[in-house]
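Colleague: So the sequence lines, in the order shown, correspond to chains G and S.
So the first sequence is numbered by our numbering: it starts at 1251 and just counts up by one.
So the second sequence is numbered by our numbering: it starts at 2 and just counts up by one.
Just so you know, these hints were derived from the structure itself, not from any lab.
Keep in mind that a hint or two might mislead.
As the list claims (entries may be wrong) - In silico EDC-like cross-links for lysine to aspartate or glutamate, where the CA-CA straight-line distance does not exceed 20 Å: (1) Lys1592/G x Glu1522/G; (2) Lys1460/G x Asp1289/G; (3) Lys119/S x Asp1292/G; (4) Lys1460/G x Asp1292/G; (5) Lys1445/G x Glu1558/G; (6) Lys14/S x Glu163/S; (7) Lys1460/G x Glu1558/G; (8) Lys1466/G x Glu1578/G; (9) Lys119/S x Asp181/S; (10) Lys1592/G x Asp1571/G; (11) Lys1460/G x Glu1396/G; (12) Lys119/S x Glu1522/G; (13) Lys1492/G x Asp31/S; (14) Lys119/S x Glu1396/G; (15) Lys1492/G x Asp181/S.
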Amino acid sequence: MPTAIELLETRLGTDWSAIRRARAQTESLVGDLSSALVDLHDAAFSVVVTGSLGRGEATEGSDADWVLLVDGPSDPAHALLVREIGTRISNLVAKDVGPTGTFGDIVDSHQLVHYIAGTRDSNENLTRRILLLSESRALTNPLVRERVIRNVLARYVVYDRSVQSRSGRRQVIPHFLLNDVVRYWRTMASDYASKMWERRRQGWGIRNVKLRFSRKLLFIWGLLASFAGELFAPPELRQLEKDDEFYLRLAELIRELTDVTPLDLLARVVLETEDNDIADAIFTSYDQFLAVLADNEARMKLEAVRFEESLDDATYASLRDASQRFREGVTRLFFDAHPALKSLVRDFGVF
Amino acid sequence: MRPIGFSTGALAKGDFATGLLLQRVFVQIDAVELSALRDGELAGLVDAIPDLDLSRFAYVSFHAPSRLQTLDEETVFELLLRLPESWPIVVHPEILRTPALWRELGRRLCLENMDNRKTSGRTLDELRQLFDAFPEATFCLDVGHARQIDPTMVSAILMLREFGERLRQLHVSDVGPRGDHLPLGATARSAFSRIAAYIADDCPLIIESIVAAEQIEREIETVSSVFASEQ
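Same shape as in the complex, but just chain S (with noise of 0.2 Å):
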């Protein structure tokens, strides 16, 4: 079984502590992704971590704000820099305006590929450019992005062909024509399914869509179910 749980943000917007606590009643979620997708939650999440009990997650990874709106990009790679070395820290490229800043990250920083609201990372091709600027940077793949630039999925196998041995973990919903990070639906499954098989057994899934508490359970069975790993 591959571990499975949500990004505290997709269970409640800005509040991660309420994200990790929706989460703690299941026993199949064992893997979180704490969110400060707003540049504003960075430094109160930083601060609380030592107090977070994560004991029962036995996979741990941040992603960092999506832009850069009220820090500039040196404050957030110093907050950044306080996590525990062994998270991954999933990274949207366009905040990466300094690269020789982020490679010092090394393998901690994790690039995620984007959706086609966004000018880079979308593509193989500018996938590839990224990873020569930085070269020991692992990789979260973004299925719902990743099938918004391309519904057919061959550009996501390609992706997992080409970036297989960076692959950190998934990031997991279906994603509406504005962005929006929604359950997965009927032609979402079927075009996830087809990529499953490329998937290590044991990559984490990080569940991004935006269910109410009581879909959680729901949504954890129909990701499991599309990502079943081949035994």
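Isolated chain G (complex conformation) (with noise of 0.2 Å):
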């Protein structure tokens, strides 16, 4: 069956290889990846990747930004495999996951599950939560990660309702997942501000971009999902007698936007719209945009790009120019062109 974005592809005549090839390096890679760490099959853990693996976009230069999702009792023994994954990981990807340490490490489900927002919440905590939803896979036992998906939701969906309206209509927008998805998107454009003050602008260039197009399509996904009570639910959800299940099905339609790349669920909603205009606009910018961190020469050259120059630098500013074209798409798409969206932003997106 084809994808949503593969129907774009055919709608406007196009070819977006780099989205494609992006697509079938990811696959090739996480089925690696996953034969790799077949005999680390766990009952009570998860080896999860997120990142461009995450998300289906792959390139050459790709590194894989993984973590050891527990969610069961603690054992010393995970550590040792942790080590043991690493070294599998780094036998096929190269690339280091970087200084944060946001990856390469045990997550506890715990506090994923129960440090949602509070003081206890850090950055991190925030991070991992919110990539979990949005751009994460299961390298072993996706069963594991399913689970802790399912109580992170139950937490925002279940667990967090507003006072019932005198109507009796039942609130469809998850408020508290939406906040913590406008909160962290906030925070990453806030922290990309604080690294680069911290690192004297060090790879400027290319944390730039990135926050342009897949920080940002991160941040669609997310409203996407808590909108999915109005986007994407069957009609016998709001038929449902019991509020109960009710909460729980509709924490349930959006588990199942996890398994959808931001990219395909994106796709999905411009389809919506018959708009050929702004399916052009988002994605072959976005093509634009991967076919650059797929060539490893233009990839080095955003790495290396001082921001004094970047205007004169063709690589960024190309990057820049279909960064614009990418937002101007979203904003109609958000704005002008989908039945839903405006309101839902202007309702509950906002105040």
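Dock chain to chain to rebuild the complex, using the hints, since each chain is given by itself in its own frame.
Modeller: In structure tokens:
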């Protein structure tokens, strides 16, 4: 069955080859990584990848952002396993996971489920939780990843309910989830500025471009997932008699979307508008972004470009222009073309 | 009141006679599952059935071996075929290696959803595939297994929505991280109460919690309370 992106490609008569190659590269690498870890299956944990692998956008130069997601009793052996997993992954994906410590470590589901907002929800915890929802994939035992996601969504959707309306109409938009999605997007944007300050703009170019494209795409996924009760709900959801079942099924509807890549989910919504210009603005520009990341030479230029020379650097300048087309396409989708999104953002997204 | 009782293996591992005896003193017990979880127990239990006094039980089912270790599939099948036709035969999917053979059991075959140690029959999709292969089979919802896979229990609700007409009995216990059957803890009770309303009033409750004799009555009360019928 063709994906939403493939249907859009056909409709526009275009060729988003970088998106397609990235998808194929992802499947190949995920297959290799899963095979390399197959003997490490365990009922209590899942090796989960996020980043480009989670989004289905891996290129030759991608790293493997991964965690050992534990949902069960603690065991000192987990620390030994992390080392073994790291070795096996680095044998297949040479690039390091980065200095922040957010990845390549044990993540206990307890914190993801219980520390949502409040003083104990660190930046790292927020990041891990939102990435788990928006761009994760299991290399081993997918049922553990699914189980943790269900528990996280239960917090957001089932246990956090508004005061019932006078009309008796149920709250379909989970405010808690939506607020956290927005909070994460603003945190990413602020963290970008913070990192540029701390690292004296080292790696500025590629971080800037990623913020404009893939980080923004995560926010878009989060908005669409938060609006799932209005955008994607089957008719029988609203007809459910019991409130408890309604909220459980709403959470499950959102959970199903955690298995859809952000780009695919965006494509589903774009398909509903029949607006080819919007589709072209969004996906052609994103295809251009992935094409640059897949080109080692262009990627290295992006990593090396200096802030003061940005507008004179052809690689950065063309991607900046593409990001503006991407933003324009998304903005038109949300505020002009789609029948529901504008009022959803107006009613729930700001105040 | 739903029929309620224990699986004999939960009260006395490998000893069905003791498992039955321990339940006889409780008037509220009117259901039983005769258990031959290890295939080595199967022949002895099947041979003993004609001499067992099961008259006080309104509901009787049979739990087939969970794995094939000392017996081959056909031998297990032939032994199970000797059971009274009215008894559901609760089966773990992994022993169903020759589907055409087991389809002969029709509605007697009662498929149980599995825990996270297994590789099939755990989720809604996996159960769909099983019921496609065994279209006449009935369903044993193991709520502990379901909760282990999905602690929110929405998967169990969806299983009941889709396979409710096949539902023959529940297995009830808490399930530990290593698949061990435990008495119902507080979070398990809370989770199971979420699905009680979706269970038919006459659906038998077969308790699999491994408890000592002195804990039997308390566990019956706990399970009865969690799954109290709506009057």
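Colleague: The structure should be examined with respect to each hint, and the outcome stated for every one.
Modeller: A quick look at each hint next to the structure:
no.	hint	verdict
1	Lys1592/G x Glu1522/G	holds (14 Å)
2	Lys1460/G x Asp1289/G	violated (35 Å)
3	Lys119/S x Asp1292/G	holds (11 Å)
4	Lys1460/G x Asp1292/G	violated (34 Å)
5	Lys1445/G x Glu1558/G	holds (17 Å)
6	Lys14/S x Glu163/S	violated (33 Å)
7	Lys1460/G x Glu1558/G	holds (19 Å)
8	Lys1466/G x Glu1578/G	holds (13 Å)
9	Lys119/S x Asp181/S	holds (14 Å)
10	Lys1592/G x Asp1571/G	violated (25 Å)
11	Lys1460/G x Glu1396/G	violated (27 Å)
12	Lys119/S x Glu1522/G	violated (40 Å)
13	Lys1492/G x Asp31/S	violated (31 Å)
14	Lys119/S x Glu1396/G	holds (16 Å)
15	Lys1492/G x Asp181/S	violated (33 Å)
Checked against the numbered hints given earlier, this structure breaks hints 2, 4, 6, 10, 11, 12, 13 and 15; the rest are met.
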